[in-house]
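S.K.: Sequence:
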Amino acid sequence: MCGFSGYFGTVRDGRALLERMTAAIAHRGPDEQGFFTTKAAGLGHARLSIVGLGDGQQPMSDATGDLTIAFNGEIFN
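Heads up: the sequence shown begins at 1 in this note's numbering, then just goes up one per residue.
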């Protein structure tokens with residue numbers, strides 16, 4: 001199973017915080033790491049690739065960039 005990290009609230013240098021948090025769970029997903037940050041929140045993802053590396057970068061956002069998620073699973077539709 002992939003690993004997730006995150007925070008809510010204002011933090012100084014949120015990207016660096018997420019990198020440290022996600023590095024601590026790298027054993028959960030050694031294939032790839034991804035990050036998303038805003039002024040008020042951040043998501044980190046450590047990916048365990050079961051199906052192909054090319055199309056599973058996370059966290060992922062919608063076309064507008066308004067919605068972002070990180071999840072463990074597959075989308076078929």
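Honestly, I wouldn't trust all of these hints.
Label-pair restraints from in silico Cβ distances [as the list claims (entries may be wrong)]:
1. Ser61 to Asp31: 34 to 42 angstroms
2. Thr64 to Arg15: 33 to 41 angstroms
3. Leu48 to Arg20: 17 to 25 angstroms
4. Ile25 to Thr68: 18 to 26 angstroms
5. Ala16 to Phe76: 16 to 24 angstroms
6. Pro30 to Thr10: 26 to 34 angstroms
7. Phe71 to Thr38: 14 to 22 angstroms
8. Glu19 to Gly65: 36 to 44 angstroms
9. Asp62 to His27: 17 to 25 angstroms
10. Glu19 to Met60: 28 to 36 angstroms
11. Ile75 to Asp31: 12 to 20 angstroms
12. Ala41 to Ile75: 29 to 37 angstroms
Worth flagging that the hints you see were computed from the coordinates, not collected in a lab. Yeah, the Cβ is synthetic: ideal placement off N, Cα and C, and Gly gets one too.
S.K.: To test your reading of the hints: which numbers does this structure violate?
M.R.: 1, 2, 5, 8, 9, 10, 12
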